[in-house]
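J.: Residue numbers (the numbering used here), protein chains in the order written: chain F, 1 to 166; chain R, 1001 to 1188.
A couple of the hints might just be wrong.
Stated by the list, open to error - List of simulated lysine-lysine pairs, DSS-like, C-alpha gap at most 25 Å:
| hint | chain 1 | residue 1 | chain 2 | residue 2 |
| --- | --- | --- | --- | --- |
| 1 | F | K67 | F | K90 |
| 2 | R | K1179 | F | K67 |
| 3 | R | K1179 | F | K69 |
| 4 | F | K90 | F | K69 |
| 5 | R | K1179 | R | K1146 |
| 6 | R | K1146 | R | K1173 |
| 7 | R | K1179 | F | K90 |
FYI, nobody ran anything at the bench for these hints, they're computed from the structure.
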Amino acid sequence: MAVLPILTYPDSALKQISKEVEDINASLLSFISQLEETMRAGSGGVGIAAPQVGRIERIAIVDVSSKAKIDQHGRLVLINPEISRWDGMKVGREGCMSVPDFTGNVIRADQIELTYLDERGEQQQLEANGYEARAIQHELDHLDGLLFLDRLVSRHNDLFKRKVYK
Amino acid sequence: MSAWYMLTIVGRDQPGIVAQISNGLFEAGYQLGETSMMRLGGNFTMMLMVSRGTNGNATGENVIDEDEINEAKIKAQLQPCLTDLDLRVHLDPIEAHLHEHITPNLRVSVYGADRPGIVARVTNILQQQDFNILDLESDVAGSDDKPIYIMHIEGVCQSSADDLEQALNRESKSEIDIKVFPIDTLIG
Ligand SMILES: [Zn+2]
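Bound conformation, chain F alone (with noise of 0.2 Å):
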């Protein structure tokens, strides 16, 4: 077991789209374990994806529950995750062990509906809202090499600018 190297922008890696894992074997597992060493050696990580490690395959990792009173799931390992259905929208703050010293707005929907696989390679499905959504929806664009980056807002979005009405 080992915490891996975090790949930071602009590493070519974090910008590819991963390929769909074919087969959960020891291999992807022992992976998967180190992949989450990593994410929880890092202070506050709240989630971390394959490709930020240089492994270009649709895996993610989010486990949201330090956060004190949030609906969530505790610790999810998403393979070949799919968003099936998206709801809502807002802004919140973002930041990424791949991005240092920065962090912006971002608007993410506020409600999710997601398939994946877990680690046995069984398929699953589940719902998630607020702030667990958003950090699986920052974990899935990193497979298909977006980062928080892409889709920043001003961070003046808070408040709504205000109008001329005349």
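Guided by the hints, dock chain R with the ligand onto chain F, whose structure is given.
T.: The following block gives chain R with the ligand in isolation, referenced to the frame of chain F:
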């Protein structure tokens, strides 16, 4: 490390200023750090961290004639666009570092009828609450006879959003609306 200077540029707003200034600085060999540009009351205002640059390398190698940065020189270098654009320029040496952003944990949103002292009152209460302001913006909306003051502050404070909001509303003793929201930064 590079030696940084704060370049302040103020003038009447018109299209193309940012492009001309940044191009002028680039041509003269300056490197930019963090910058902000805002329109205040219809005026162009911009503050830019400038240095003689290390080409993005923080080891301090290849620093070119750093000592020669001064206000007179930068004015001369920017002269073509300054004259055309009628801008005023000021330069100060600063102690500055990049890559040391502090992440705010609270956002304070304030609005009220425009009365003298709103900013002073709110920021003084924030100071009493050990709130460290990282970012403040205020604006006057409404109309001449009924102005509305709107302020947006982000910063770091140990108090919870609820406690701080209560303290602000208790201490401000006036009809301004003050709300405090947590900024929960997701790192993934
Ligand atoms: Zn990320």
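J.: Work down the list of hints and note, for each, if the structure agrees.
T.: Structure-based check of each hint:
1. A C-alpha spacing of about 18 Å is found between K67/F and K90/F, which places the hinted pair at or below 25 Å, so the restraint holds.
2. For the proposed pair K1179/R and K67/F, the alpha carbon gap of about 22 Å is at most 25 Å, so the pair holds.
3. Of the supplied pair hints, the one linking K1179/R and K69/F holds, its CA atoms being roughly 21 Å apart against a limit of 25 Å.
4. Proximity of K90/F to K69/F is assessed by CA-CA distance (about 18 Å); at most 25 Å being required, the pair is judged to hold.
5. Note on K1179/R and K1146/R: the hinted pairing holds, with a Cα-Cα distance of about 22 Å set against a maximum of 25 Å.
6. A C-alpha spacing of about 21 Å is found between K1146/R and K1173/R, which places the hinted pair at or below 25 Å, so the restraint holds.
7. For the suggested pair K1179/R and K90/F, the alpha carbons sit about 18 Å apart, so the restraint of at most 25 Å is met.
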